[in-house]
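According to our numbering, the sequence shown is numbered sequentially starting from 1.
Incorrect hints may appear among the rest.
Once the Cα atoms are required to be at most 25 angstroms apart in a straight line, the calculated DSS-like pairs of lysine-lysine come out as [stated by the list, open to error]:
hint : residue 1 : residue 2
1    : K135      : K116
2    : K253      : K234
3    : K253      : K81
4    : K307      : K286
5    : K27       : K76
6    : K302      : K286
7    : K23       : K72
8    : K253      : K96
9    : K116      : K76
10   : K27       : K57
11   : K234      : K270
Now the in silico label distances, taken between C-beta atoms and shown as ranges [as the list claims (entries may be wrong)]:
hint : residue 1 : residue 2 : range
12   : D64       : L310      : 22 to 28 angstroms
13   : E11       : L157      : 16 to 22 angstroms
14   : Y214      : N328      : 45 to 51 angstroms
15   : S260      : E316      : 47 to 53 angstroms
16   : E316      : P68       : 55 to 61 angstroms
17   : E316      : R287      : 22 to 28 angstroms
18   : T269      : A152      : 48 to 54 angstroms
The set of hints was computed from the structure by calculation and includes no laboratory data.
As the structure is a prediction and not an experimental result, all values here were calculated from the model.
Idealized CB from N, CA, C, for every residue including glycine.
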Amino acid sequence: MDNLVYSQFCEINLDDPFFDSLKSDYKEFSIWFHRKNSDYAYVLYGQYGIDGFLYLKFENEVTDIIPPIYNKHILKVGTFKFNPRGTLRGQRFIKKILDIAIANRVELVYLTVFEKHTYLISLFMQYGFYQAGQKQTSNGIEYVYARNMHLAVGDILLDYPYIPSTTNKFLLAIHPLYHTRLFPESRLFNESPNIVQDVSHSNSIHKIYISAAYNANMLRRGDVLVIYRTGDGKGPAYHRAVVSSICVVEEVKHISEFPSEDAYLQYCTKFSVFTSSELSNFYREKRYPYIIRFTYNMALPKRTNRKELLDNNVIEDQTRIVLQHISNDQFNCILRLSQADESFIINQA
């Protein structure tokens, strides 16, 4: 079970074997840890103890690196480690870091890391971080990796989790059975947290959904998807069907593009909620020919239901939503009704 907890340092077990590598890399780690006694960090607890740790700190200047940084609202990734276990946990932490940066109107995010941690470096670089300097310490040279949160480069991964304003927008319907497994942060308030598992498709920024929508071939990289969780049969869809999340299309493939079933499974398995057996059946039956890959950018704070969408002319009463194009005005209406943080939306040429 994936259990991410915001805890005071004094409540965290420093003797957990998880911290051994940090103690080895940083001779002063234990002293630093005790000094932070009343501060808070994000801790990921697994079945046998701690599996992840993230400490963030807000700063106005950074003078112990070359070149120094002055007069900015800065978020420092002070300490960050996780045990991957093949479940893409790192991506979930990246999303947490960037969400906090945007919510706090941060100008710059940075971390320092030893060169040997190549996986961690490549993970951050995938989402817009670049080498920005060095830090000389008693433990050796650390490299500074930073991201300017006010700079958009027009790439959906380097700009993640920002959402482009100028591309096409669509409602994408997803059945409740799959919705919360795919979007753990968009779990409805009346759903049990126990259905969110520590698996790749829950942790990943990247998602795959298999669809029979006839118009899925219209989707282009950068198009925006508003996830529509369909009704669950426990009451009228007017109240039970809701919009929950905002995503951005990476690519769409037709099932015929894969040279073999193995190639199809290799592409889909890690990021899809469907089991290998289900995916194999889909491949053989060809009933769901479109494979939509997208990034999970934002959970909507308020889950606007079907009735509110109808009342505000976002959809029509007879509309059965599968994949439906919506206008910019309708998209903006959803953002307003859902009380979304519009600083996630960026203008691109």
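Hints the structure fails to honour: Numbers 2, 3, 4, 6, 7, 8, 11, 12, 13, 14, 15 and 18, in rising order.
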